[in-house]
Amino acid sequence: MEAPSFSPDPSQTQVLDHPGGTLLITGPAGTGKTAALRERFARLLQEGAEPERVALVVGSRRARDDARATLLARLDTSLPGLRVLTFHGLALALLKEREGEPPEVLSAPEQFAKVRELLLAQDVRAWPAYGGLLGLRGFADEVRQLLSRMQESLRTPEELSDAAAAAGLGGWEELARFAAEYLGVLDAANQVDFAGLLQRAALAAAEGPPLFDHVLVDDYQDTTLAAEAILRGLAAPDLVVAADQDAHVFSFQGTTRLPLDRFATEAFPGAERIRLTTRHRSVSEPSVEAWIAPHTSEEHAAVARELRRLHVEEGVAWSDLAVVVRRQGAHVGNLLRALDDAQVPRVVPERGLSLGTAPSTHPYVLALRWLVAGGPERDELVEPLLTSDVIGLSPAASRGLIRRARVDGRSAAEALDVTEGLDPAEADAVVAARETLAKASLFAGMSVQDAFRVLWEELPCSRRLVEAAGREGAEDRRDLDTVVTFANAVAEASEGGDTGVAGFLEALDAGEHGPGWTAWDHAGPDAVAVLTAHGTVGLEFDTVIVAGAAEGNFPSLGRPEPMFDLASLERTPSRSESVRARLEDERRLFHVVVGRARRGVVLVCSDTHADADELTQRTRFAGELGAIWRPAPGSPFDEPVSTREATALWRRQLADPSAEDWRRLAALDGLHALGSDPSTWWFQRDWTETGRPLHEQLRLSYSRLSTLENCELQHVLGDELGLGRTAGYQAWVGKLVHGLIEQCEKGELEKSKESILGAIAERWRDQEFPSKAVSVAYRRLVEERMFRNWWFNYGEGESLAVEEFFEFEFEGVTIVGVIDRIGPLASGGTRITDFKTGNPDNAPKAEESLQLGIYYLAVNESATLERFRPVRAVELAFIKGHWKPPHEIVVKAWQVSHRSAEQYQTAVRETLSALIAEQKRLIIDEVYRPNPQADCFWCDFRTLCPIWPEGRQVFEVADR
Amino acid sequence: MSIVRPSLVPPEIFAAMGAAPTDEQWRAISWPLEPCVLIAGAGSGKTSVMAARVVYLALAALGGIDGVDPEQGVLPGNVLCLTFTNKATDNLRLRVRRALSTLELAEGEEPEVLNYHGFAASLLERYGVLAGFEPGARVLTQAQRSELCSSVLDRMTFEHAAATWQPSLVSKILELDEQPQNHRVRPVQIQAHVAARLELLKNARSNRVYEAAEERLELAEACARYRELKRELGVIDFGDQIDRAIEIAERYPQIVADHRARFRAVLLDEYQDTNVAQADLMHALFGDGHPVTAVGDPDQNIYAWRGASLYNLLEFPERFPRSEGSPAARLPLYTNFRSGARILAAADTIIGPIPDAQRPDPDKELRPDPANGEGEVAVARHMDEWTEARSIAERVVALRATGAAWSPRVRARGPRPEGVGGARQDPARPSVPRRVQGPRARRPARDARIEADARVHDRGRRRGRALPFRRSARAARRGRGPVRPGADQAHRLPR
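Going down the list, the sequences are from chains A and B.
The numbering used here applies: residue 612 is where the first sequence begins, and numbers increase by one.
The numbering used here applies: residue 358 is where the second sequence begins, and numbers increase by one.
Just chain B, with the same shape it has in the complex (with noise of 0.2 Å):
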């Protein structure tokens, strides 16, 4: 099929898109409604495609879109967008109520954009009962998960998996449970596959393979122990959320329907990044023809770690086929906005030596815009990362100096992030604005512990006894209270 860009875009695209799109862009916007998997690469705009894609549809429904039946439009209303992090979900949202506010829509037409953990929660929450699960499970939170899983390490003790550090026990468990949820793989099939080739691995030339699945089939025990529990207490956790809602899609055509005829036009972003439960749900609901618009990066898979499945991505086509059953279009976005054209060459480089046959998307090349000129790549080696932290800030400092803005960003990547991207802080560095993100920055840390805190707190008032310290240092973080010093006398001990 090919697609032609009209010589006049509609006002409203160009709006949404904050430029003229590009003939490849204009293509995965305008695609009919039928499955289709956007290949975008990093920097192509695939946000922005995104929004355009539903005021696109808006338009096309509205009978705004010259040579198509509005019937192959959707109006917003019926639209669904799943992103993967909140962030995503928050940017997407602002972005698609932007691009809509240029179209003249009744009140209420406004897309659902959710990630894909609230999706599965609500789906779990209208229609749970009908599984037979009751309605307000508590969710469990990360230290929840790990406390309820230290009440397993009372009822069971360990012959092969190291047991004397109860964090790194609780974290093997907790993984044990979480990843092969993930994959829709249960504690019981693993025992039972491990338990079946035990004989087989006696004879394995190292013990460890031997001894390492032992200490799984041990580590499987407790993690059907820690299930158990959960299901005697009622209590979910987010993996269990997902694992229902499938449960759900599958064996309730009804809910299958509804959903369709709710959501008429279903976008997936970030879909490199989802794990094969999360595919399957999607499956699930949206197989069979649905027009599903999924966009991902075959390059960008960085959540393998947490279960992302890159076939998710590149098994589309065959997964989701169109209504008549051919593979669905695998649609490119190649051109890279944001980087110039050396910096695109020096990715080429590293990726190239990568042999084809091992790259997720061969045929996947990033074109540089010829508006980002050329860029710059320097590479530099350091001592140590204290000075490389030192000479990343001297040169954000010369940046600055040449007029840039404060954004360069510094990305980090190995074993201490906070050591280079500046968390934790040397007093002796140039002083330059900073904002840590990502999971270690500031804000939840602090939050967490003003909670701990205030637990501690609450539970010290409850038994009469105080905590001065905490408290004060509770206080003080706050900014009021009557500890803080002057900042003349940092924790200097008054005479």
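With the rest of the complex left out, here is chain A (with noise of 0.2 Å):
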């Protein structure tokens, strides 16, 4: 704390020894007139003044906390009465002190939620104008905001309307009468809404006699006309104030600078000046830097590394280190999860920044809406609910129980009722959450703080978050301390007037009007914080990195202006002047931001554009700081700043061959030292290494072989290494009409038309199709062509064989395989039919298609099929049939006549030689290339494919 050794300049020394009247301190950030105000409080109370008549009135909650602590430290007492004050806090205090009995203040929600109850009350005929807009939630907020600005510009009703009437303006004197009523109203009960306190306090201030022997005000800047009404009214023989006029940020929030403008002319006329100008926040100016990154995802990561390298370079202490963003959004996320992956530690300290949206909050949002949701609402709840950590069903299984409800005829919210099909531990914890949340609605329409209890002590996602947060790592404990702040804010809603979780819920759907700033807690935890720009007024950091510094951004010139804008009772602004007004407070803000550093500054940004460098709009408040444009620095492996980077840095040296022998041990240590386990290294572990060659006996199948055929790539990945997606549902029905055929043929199911489509009703499954109009069209599809097709073409015939298992030796290599269908051909001879439920377009010539061969093959190699040679015909029979109608089967099919045979023969052999020669290379190789004229629509590996775009970071080519 800089009190106790305070040694001030010779400005400061005018204010300490300022012997009374008004007096106006101003000087840019860093002069130190927050100090020399406390200094002066604290020396006041020293000197004997009565503690209860000396004020120090400062611009927010999180001003007034820093202040009283940084006095209780300074005066070395404990001093109950310290008047440290936000202007709030003393308007309340000159109620009750005035009037005996203060008024109940409501809070920004409640205020919101009054003015939409009053709205929806109203009668339509008498809002000609905007009778259309009362039920309107963006119409009452923009009402809501007017009420404010005329209560803080100390505007009654009746002026309001004759203002409006004389600027021409249509429609306001409904919104006069409005506000006239709202305000009957809330007098009527005794209420007050944040602005209205100010405009009654300064109405009282001036009744009687002065309150204070000394007032002091900070950050005079941002103030309102109340503010500087309570003030004049308050008369205080001694009154200093301090404000820096470039500081001047939240005029969105309705504060102006007027007051500061007129202070020494028309408000107090004769007050004294002082100007302060040394700088006492940084021994130098800060330097800044100005990077530009290529894409917002390295913008984040160049952000994470830089902090990362000023903490450990550096040894910056994190919490003194910040990342700004000029606003909330879910860019933010983006950022977030930029430092999660570099494992730097941050907060968030203003509330609202992701307090609804946390992964960790996430279950008690959805369960705090659940309650208050209505049929309809509850339809679009009940997948998000039933796949989130209230419940934690498989998307799968969540969509099989709505479809089971909707098949029952009831609604798709009633899915909670359902349990069937899940198995036991899935059907218990929807059992349980369902009582859970029915206990918990008992409370919803009473207190939020209830509703939230019953959840918080229920929910198996809260023990799970408590046993998370007892393990190592950062990252559980904080997605704990999200959702404590979370309960707090639950808290705090309630305190005034618990409104139940709907009022909550419309609170913090609110967002930016919703909560205040919350006090930003200096002992919290030592981590970096992600701040908006407006909340870092009043902060200190060694240094500050800007993100998404670009033009659209900050300056960001699109903000919607209000809908009810008072600046237009005068006249409307030209859109020039709103423009250059916009500017005016960006660069205020932005210089606000940029005075937080002591040491340093970052500016980043990066190209919209892939294509395009020099279209970037690069924020130009970085020229105007001299600051030059430089490319981010990249993320190089040779200084590692993390464990992890030293960890894959060490292990890409350690298995580089052509690496020096010392360096590679150095890796080797290093690695020991911090303590890497080899075997937790994906991709890296040693296969068992038996001295023998991946596959001793080998034994493929078609679809193996015809993968390989396609790629090698994709081989490897996908039958090797098994890392393809599950087989989808065409996969699925390909199995089911596979199977049936075999039950049908094997005489295990009659050879009906009932028969089979009973079958088919029986083992249809909605769930294996994305959604209910896929599946009908393809059961459809299924009982309409496929079975009709084989019917008229193979069902009356007999088969000599189905499902025919083989496996024969061919170059020291097991093929293996099953043949759908062997039939008799009435020519002599049999054939060998595989079924196809695909599409018939790009098939192959039967003579060339490679699953034929291989059965050809097969049947002449295997002892096992013996009887049925000589095959004499093969085909592909595609029982989907024709896309024309009436969609005829698609037979491939290639008579083998006695002299084709050892023709056909040679050539399969030869195919399949070669491709078997590739396998076996490749086995010993162990280098796989993808092929560049493969077909990869179906394939699952293209995002690491080095020949497609998307893939080309993974892996590099290589030359064999």
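No lab work stands behind these hints: they were computed from the structure.
Just so you know, even glycine gets a beta-carbon here, dropped at the ideal spot from N, CA and C.
Honestly, I wouldn't trust all of these hints.
Far from chain B, some chain A residues (derived; all Cβ distances over 10 Å) [unchecked claim]:
#, residue
1, L627
2, T697
3, F750
4, G795
5, D824
6, R886
7, E896
8, L1468
Rough simulated footprint, nothing fancy, chain B against chain A, three-plus residues with beta-carbon under 8 Å [claimed, not checked]:
#, segment
9, 740 to 748
10, 1385 to 1399
Below, a list of computed lysine-lysine pairs in the DSS-like style, where the Cα atoms sit at most 25 Å apart [stated by the list, open to error]:
#, chain 1, residue 1, chain 2, residue 2
11, A, K1495, B, K559
12, A, K1346, A, K1364
13, A, K1383, B, K587
14, A, K1495, B, K529
15, A, K1495, A, K1456
16, A, K1495, A, K1447
17, B, K529, A, K1383
18, A, K1456, A, K1357
19, A, K1362, A, K1456
Mind assembling these two chains? They're in different frames, but the hints should get you there.
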């Protein structure tokens, strides 16, 4: 704390020695205005001033808590009566003094709820202009803002109405009438909103003797006309006001600089002025750097890396670093994720920035929404709820439940009452959640705190959070911290008359208009603060990194203007004027942010277009600070700043056969020191070294060979490593159809239309399909086309074998497979048929089909299949049929005549031989190259494949 | 009206253009404050002309143009420029900012440069409440649209439309949502139209027509349900934004007046690519003789597949008449500053056989700028796309050897641009530094995937399940993390 060793510069001494009367202190950031005020406050008390009659008024709750802490340390006594107040606190104290019973103060969300309630109860006929909008939340919010601005500027509804009439604005008389009604309703209940509190205090201040001997006011650049009136009304014999006119940044919250600008002229004529100029905050001007990254993800990575570098290399405490974004939004999530990835501890002190959307609070928010949702809303909520941590079902299982509920003629929301088809653990989870929700819903209308308590105590995710926090890992603790913060928000919401769950959610959704700034706890975790530009006011850091320093974001000129703008009562500003005003606002805000840094500022922005660097709109403010844009430093591995990076670097060095031995040994040493466990090294782990090749006995099937034929890389990733996706519904249908055909042919299922349709009905599972529509369409396809085609072409004839397994040796390799059907030919010999349930469009000719070739070879080679020789025909039967009605079966057939038999067999042998040689070579080389000519449409591995842009960064193409 | 280029072009205009404007260009730059349309051929420097017009209007407003009343000028702060893509927006914004930097203007004198969608979105943001739309409605991304549409498929089944492959069914429905919206047609209108003709179609010679009609009825029904769902959830998509913006503009004259007061001059770029809805919005806001300058090339109408209507450009003079009622002026910009004479001749030869009646603008002719020389046109035919790609690469390398910069662009049009243009890379190809532009360019795809991955990762983490493979792959892509193998051992399984 700076206070105990406070050594004032000459201008500050003047402030301390100020004998009384009115004084205005101005000065840029860091010149010690706040410190001088606090010191003056402390000395006044030490010199015997009555604590009750000395007030220090500050701009925010955060500044108040800060000042209190500093002063208590400075004064070294416990002073419960210390009058360190915000303007609202001052107003409340004043009303208590003057009126005895102070009014109940509505918070912003409560004010919104009140306005909305009153608007909904209005008679539409009395609102010719805005009658259609009374039910809109957006309109209620606009009206709420107008009501606040009106009171802050000390206008009455009548004045509003007159001014609007004079300015020729239509519809405002409706608003003015409503404003009068609103104020009347509040008055009757002895309630005020924030703005009204100040206005009422301003009226009360002047009635009676001065309350304070000394009044000290900080951050006067962001204040309201009502606050000015309070000061004038208080008429303190000694008034010291500090302000930085370049730091006026809260105009969007209704504050204005007017009271400051006219302080020494109209408001307090004859006030003395002192200008502070000596900068105390930093020894030298902070350095400013400007980085440009090629993409937002790289921008965020550069931010994370720089934070880590500052912490590791320069020894800056985490809590002395800040990342600043212009405003809240989805992009903040990406930034946070990048910080998490780089294991940079971070806090998001502003409430609303992530509270409602953080993964750890998500289940509670969802559950709360469920409690107050109506039928149709619940239909939409049920799936997120089932798959969230509230219950934790898989998406497939939850969709299955919902579908089952629908099939039973119930609404989707009632899926919660269904447990059929779930495994016991899942069913228990659903039942438990149902009971918890039922219990919590008893409180929903009355108290959000009680409802939340039930959820917290009974939902299993709470237990998991607590358990996880007990383990190591900052990440897990942070999840719990977030929920605790959320719980505090719940508690706070219920303090001033619990509005129930609906009211709380409304406030939560209101976002920016919702809960205000929370106290920023310096004693909090040692972590980097992620703040909005406005959230930085009054804070101080070693280094501040501004992310998203691009035109359009910072300065951001696109903020929507209020629908009912008091400024338009005078005259409507031209577009150029409003752009200029906005730019000034933004520039001041930017300088406030930059002024937070003692040592360094880094501005980072990224290119929005992949292909034209010069298009990037970098913020104009960088140039004004003299910063020159340069590319953001990359992420070099040579100087690791985290154990993770070090591990990665050293592992690469260790694995690099071309590196010097000493380097590799040093890397090994380093890895050992880090305690890195090689058995956890995915992909780098040695395969069990048996001294023998990967496959001792090669067993190949057609499907493996066909993948190999398509692409080596696909083959190794899919077949050897088994990384492919699980088969989709087409495969499921294929299996079903093949199974039914087999049963029919084997006589296990009666060959009749009824029994086949019955079997389909019995086995069909809607859940296998992405939607009911697809399921129904597919079922029709199976029933009306596939089985019809099969029936007419194969159903009536006898087969010799179905689903016939084979296995034969070929060039030292075992080839295995199953032949769908072998049937007799009238002309002698047999015919091999493979049923296909897919599309015939791109099918190969039968004589070129590797699959049929292998089957043909199998019958000729395998002893168990001897009885089916000679094969005289092979065919692929596409039972789905032609795409054109009447969808007749498409058969690709090849007659193996006496003459062509040998030639066919030779061709098949050659193809197979080449593929097997390829397979063997791959096993020895273990280098797998992607095939540029491959058919990649169905490939699961494009994101890993160097010939596709998506995968280029994963593997580089190796030469053999 | 004839406009003579002054012997001394203001130096600021010169600076904005980077050269002295031609007579043709000067005419467009200095056209009085009234609606006009520039028919600009390829390479005619239309972006420069637009930037120069902003500068000209500013100069005029400051009294810097002899013989022009300052009332006939507009300060940049009161100018609105709309373009079609984000990239064009940034390009124009940068050009205008550079051009204006030569003028001594007060801070804040910057034109509003947006794309058509962004403009509609801001209008909705600002005035949506008036028309009864809650602010802050979430705008669906393409993926979210698909997701939402999929949930329609759980509530209805299809008799006629092919429904066995969900992605194509979804895209059919979404297309039927979007395309008619671009043309301001509603699903009920489609249903009514088709239903009224169903009987008639029964007698058509081919069944297919009838089947297609039945299919369309079903899809329109799905589409209506999708819209219903959007409304219930309070979400909108890009099409809805424009739709609502038009509704606001048509219903509230006050808002129109407000826009005309804020934007005293309007410049519309790439007008040939606007769709009916966008043109309707412009008309509702800035019709009736407001000074709108539209710029477009009837031969570069390349977004017809997503609803762009060439008629917007061709009918501009009648649709945006002068205040006194006569059609707006039509100003040609035909000189091509990009290509050699032979290249233009080749283009002419290709267009030549098209009869005048079928050409959007038969008068249009591209005039070469002598400074560009002759140019060279070569035609080659290859066995397949890989040899084609290789030969292009070789040619680029050869050009490079003659001293050309690495800037020739390979334009690929056809069913598989990635094969030729180079997204899918043949490792055997000569190494040419390249950048893939257009919708399949590298970064968006990668970004989307990283996001998707991150989501999976998050979900896994929340459930306490590790997803080692994807997670590692993701880390590797970013160049850190544990799995990135050395360059020399790419996808080699370690021993």
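Exercise for review: Please count how many residues of the segment 740 to 748 of chain A have a CB within 8 Å of a CB from chain B and say whether that reaches 3.
Suggested key: With 4 residues close enough to chain B, the hint holds.
Review point. Is it correct that the beta-carbon of G795/A has no partner in chain B closer than or equal to 10 Å?
Key: holds, 25 Å
Review point. CA of K1456/A to CA of K1357/A, is that 25 Å or under?
Key: violated, 29 Å
Practice item. Verify the proposed pairing of K1495/A with K1456/A, using a straight-line Cα cut of 25 Å. Key: holds, 20 Å
Point to revise | Satisfaction of hint between K1383/A and K529/B, Cα-Cα up to 25 Å | key: This hinted pair holds, its Cα atoms lying about 17 Å apart.
Review point. Does the claim that E896/A lies outside the interface with chain B hold up, using a Cβ gap greater than 10 Å?
Key: holds, 24 Å
Point to revise | Within 8 Å of chain B (C-beta), three or more residues of the segment 1385 to 1399 of chain A | key: Our answer is that it holds, as 5 residues pass the Cβ test (under 8 Å) against chain B, meeting three.
Exercise for review: Take the C-alpha atoms of K1495/A and K1447/A, compute the straight-line distance between them, and say whether it is at most 25 Å.
Suggested key: holds, 17 Å
**Study point:** Given as non-interface: T697/A, which should sit over 10 Å from chain B by C-beta
**Key:** Nearest chain B Cβ is 29 Å from T697/A, so the label holds.
Review point. Holds or violated: K1495/A with K559/B, Cα cutoff 25 Å?
Key: The given pair, whose Cα atoms are some 18 Å apart, holds under the 25 Å limit.
Review point. Taking the minimum C-beta separation from D824/A to chain B, is that value above 10 Å?
Key: holds, 45 Å
Practice item. Please confirm whether R886/A is truly not at the interface, meaning its C-beta sits more than 10 Å away from all C-beta atoms of chain B. Key: holds, 25 Å
In this structure, the earlier hints numbered 3, 18, 19 are contradicted, and the remaining ones agree with it.
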